[in-house]
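Number of protein chains: 2
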Amino acid sequence: MYTYPELLHLVNQKISETTFGSNPKELYDPISYMMSLGGKRLRPVLTLMAHNVFSDEVHKSLDAALAIEVFHNFTLVHDDIMDNAPLRRGKETIFQKWNMPVAILSGDLMLIRSIDFLARTETSQFTTLLALFNDTAAKVCEGQQLDMNFESQSQVSHNEYIEMITLKTAVLLGASLEIGARIANASNEDAKHLYEFGKCIGIAFQIQDDILDSFGEKAEIGKRIGGDIASNKKTLLLIELLSSVHKDDLKLLQSLFVEPNTDAKIEGVLALYKKYQIKEFAESQKQQYLDLAHHHLNEVSVSPERKQLLFNTAHELMERVS
Amino acid sequence: MYTYPELLHLVNQKISETTFGSNPKELYDPISYMMSLGGKRLRPVLTLMAHNVFSDEVHKSLDAALAIEVFHNFTLVHDDIMDNAPLRRGKETIFQKWNMPVAILSGDLMLIRSIDFLARTETSQFTTLLALFNDTAAKVCEGQQLDMNFESQSQVSHNEYIEMITLKTAVLLGASLEIGARIANASNEDAKHLYEFGKCIGIAFQIQDDILDSFGEKAEIGKRIGGDIASNKKTLLLIELLSSVHKDDLKLLQSLFVEPNTDAKIEGVLALYKKYQIKEFAESQKQQYLDLAHHHLNEVSVSPERKQLLFNTAHELMERVS
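Note that the protein sequences, when read in sequence, are chains A and B.
In terms of my numbering, the first sequence opens at residue 1 and continues consecutively.
In terms of my numbering, the second sequence opens at residue 1 and continues consecutively.
Next up, chain A with everything else stripped away, as it sits in the complex (with noise of 0.2 Å):
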């Protein structure tokens, strides 16, 4: 079996032999310049090790590894325009760099490239996948649909925020390690497992986002503490706090909301989390996602080794501090 840095290996090589297409250039080199940037690679990356749980053979979900990170890629060219964002992995975002109507066209040539990727798959169940990438690809747009709506709703529920995102981010991972169980011919219940088991991740992996924004150790790249925070986001810890707040509380709270000094605004809204028990709260529904995904991984019907990368995979992602 492989390990994760071997697969990891195997994606970047894999990238970096692709080319996408050269003229006209205007088009192509944002394309170029968005693969490039790295990241964790963990979608394809997961592939690959849902293939790795049924078979040896990873070499032939790479195409399909390649698919879902370009498909990736496309969400976050398109996103950073939405979102108006100069930055992206530390440098210029397309939109950025080049302008919009780049940004806008060399993202849906990575959408178009990614099904013609997918394509280049040898498996007998090509319109299972193709259905599955495609239905998946929907959720991710109706996720970030939702994602922006909230900016202006005035009350966003716990469920309708799991439900926003379940689309925006856990269906993909979900849809990432479904596919290579198939292409590895994996029954479908043990394909089905799998894809509640990344979905599951997905979930978690968000909500510990959510509290590492306001509870994390150091800031990331790019972000601080307390970002969230500062910019009235509905983040769950938010939504739980605003459910649960106590009259006089509520005042307080929402007279943060309009507080002019950040930090100031920061420490009153961690003060409430603290009252509220908030972090608490978020953690326990985090672990219940995990437990579910964990249910998940124990029923797919392989020895438990096949299965070890996976949960020490899952296990690493929740590791971090920041």
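No lab work stands behind these hints: they were computed from the structure.
Given the structure is predicted, the values throughout are model-derived calculations rather than measurements.
Wrong hints could be hidden among the right ones.
No copy is singled out in the list; a pair is fine if it fits within one copy or between any two copies.
Pairs of lysine-lysine residues, derived as DSSO-like cross-links and limited to a Cα-Cα distance of at most 27 Å, are as follows [what the hints assert, rightly or not]:
hint : residue 1 : residue 2
1    : K247      : K274
2    : K25       : K233
3    : K139      : K25
4    : K40       : K286
5    : K233      : K192
6    : K60       : K274
7    : K265      : K233
8    : K279      : K307
With chain A held as given, fit chain B onto it using these hints.
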């Protein structure tokens, strides 16, 4: 065999029966809106028409026809953002009626759904269809980028211009026909001849568009005679004029480019078009592509009656006077 109105009816019925999704409505309402704006539905009708050349079971190409129309509308939605266009078919563009992020995202979803619809086609040649669809989609993006490049490019050659309109417009007409032919189990040669027929008709159509902008009888909705001249757009006519104009007239032309009085500008450029017989040149170019189109249609190995509607449709497309 079916008539154009009959095929158009089938296409419109198919579109009106199609649901793209419902939630979140901010994402799906714009798609329904866009698809309900109408238009000639030329591309999907051509798909059915090509199918009908070989078989009367045109309903087998309806999903693919829908895919092509949804793809075409996706390109319009994104082009309207890039062109900052307020109107489309006399109605507000999605970008204008909603906002830019909604237009990006609903366009993305239309592209995803178009692949979905194509995948519903029952055919043994799905891999070929998908490869053709994706290849065409990529070319359309390349054409749009070239078109945008031309705006800031000081010189555009005749060949570069033909390449741009081929990619931006003509290949999709070719693919619309080839896809219908392949679903009807046409031979590879016949399918390719229909592709070339559609491509040549598309090029001739665009050349005619350039001619009509300067020499049409009356204005179309949202357009007026000389719009291209007023905006210094690099049409086939202007490119030809620039390559044949004498030194003295070049000075005049350059002064017309910055002439603030639009009527004087249009009149001045039209006079130069007349002096250098630019209309005649463009007409002869158009005719060359029409002849080539007819050559390819003649090569398709079915009886003349089965090709008559395609022949007539091409003829009617060229009969516009505005």
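Here is how each hint holds up against the structure:
no.	hint	verdict
1	K247 - K274	within (17 Å within a copy, 80 Å between copies)
2	K25 - K233	between (38 Å within a copy, 22 Å between copies)
3	K139 - K25	between (31 Å within a copy, 13 Å between copies)
4	K40 - K286	within (21 Å within a copy, 52 Å between copies)
5	K233 - K192	neither (33 Å within a copy, 54 Å between copies)
6	K60 - K274	neither (50 Å within a copy, 62 Å between copies)
7	K265 - K233	within (13 Å within a copy, 53 Å between copies)
8	K279 - K307	neither (31 Å within a copy, 71 Å between copies)
Of the hints listed earlier, those the structure fails to meet are numbers 5, 6 and 8, in rising order.
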